[in-house]
Each structure stands twice: as structure tokens, then as C-alpha cells.
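Asks: Sequence:
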Amino acid sequence: MPIVDVHVVQQRTGADHPIAAQPLADALGKVFASAPGRTWVRVHTLNEAAYAENGVELDTEDLPVFVTVLHARPPAGTALAAEVVAVTDAVALCLGCSPERVHVQYAPPGEGRQAFGGKLV
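Here the sequence shown is numbered in my numbering, starting from 222 and rising by one per residue.
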């Protein structure tokens with residue numbers, strides 16, 4: 222059931238360049254060992270003018286990607302640490318950016334608070 226939100230900060234060019242979600246969904250589905258249709262990815266873009274880091278001006282190659290992962294029951298310990306690396310590397314590869322610019326956050330467990338089609342998981 223992983224639901225993954227990927228927020229990509231993009232260089233301002235007058236119009237955002239769309240980012241295809243399918244390659245990300247396929248790569249992350251492999252990371253999570255999900256059956257087809259069980260990893261859901263939503264891609265959001267953010268113009269660089271709407272993002273800042275205090276005291277620095279970022280070059281285009283330094284623009285970050287923020288990833289939020291929602292699992293029904295997230296892994297813990299070394300399994301979580303390994304998954305973080307795998308998610309980071311998969312996203313970086315798909316988007317052609319440095320893994321150092323990919324920042325992964327885990328949402329609280331979705332079990333008991335996430336519903337699909339009106340059915341609580």
C-alpha cells in the first residue's frame with residue numbers, strides 16, 4: 222500500500238516541466254516489492270521561487286526533491302535504514318539528480334487511519 226508523494230523543486234522557466242510518475246512508481250514498486258497496482262505515486266512540482274534555504278542561493282543542480290512515504294506499517298531499524306537508501310537512490314536515478322538532494326520523510330503508520338474507497342485499512 223505505499224503511497225509516495227514526490228515534491229520536485231524545479232528551475233523557473235515560465236512553465237513547469239511535467240515529471241512522469243510512471244517511472245517513479247515502477248522503480249519504487251521494486252523497492253517496496255509491491256504487487257502491480259499496490260504502490261501509488263503522486264508527483265508535485267514547486268517552482269524554485271517558492272523554495273529557499275537560509276543564507277544561500279541554490280544552483281539548479283542543488284534544487285532538492287522531497288519524498289514522503291506512507292506505509293500501513295513502516296519498517297523499523299535496519300530495514301528502515303535500508304529502505305531509505307533504496308528510495309533515495311531510486312528517486313535520484315529516475316529524476317537524474319544527486320542522491321544528496323533527495324530528502325525522504327516517513328509519515329506516521331497509515332494502518333487505522335487511511336481509507337481506500339471508504340474502507341479503513
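A hint or two may mislead.
Label pairs and their computed distance ranges (CB to CB) [unchecked claim]:
hint	residue 1	residue 2	range
1	A273	A293	16 to 24 Å
2	D226	R294	13 to 21 Å
3	A303	M222	18 to 26 Å
Calculated from the structure, these hints are not laboratory results. Since we're looking at a predicted model, the values are computed, not measured. We put the CB at the ideal spot given by N, CA and C, even for glycine.
Asks: For each hint, tell me whether it holds in the structure or not.
Replies: Here's how the hints hold up against the structure:
1. A273 with A293: 16 to 24 Å: About 35 Å separates the Cβ atoms of A273 and A293, which means 16 to 24 Å is violated.
2. D226 with R294: 13 to 21 Å: The hinted range 13 to 21 Å holds for D226 and R294, with Cβ atoms some 18 Å apart.
3. A303 with M222: 18 to 26 Å: For A303 and M222 the Cβ distance comes to about 19 Å; the hint holds.
In terms of the numbered hints stated before, the structure departs from hint 1 and from no other.
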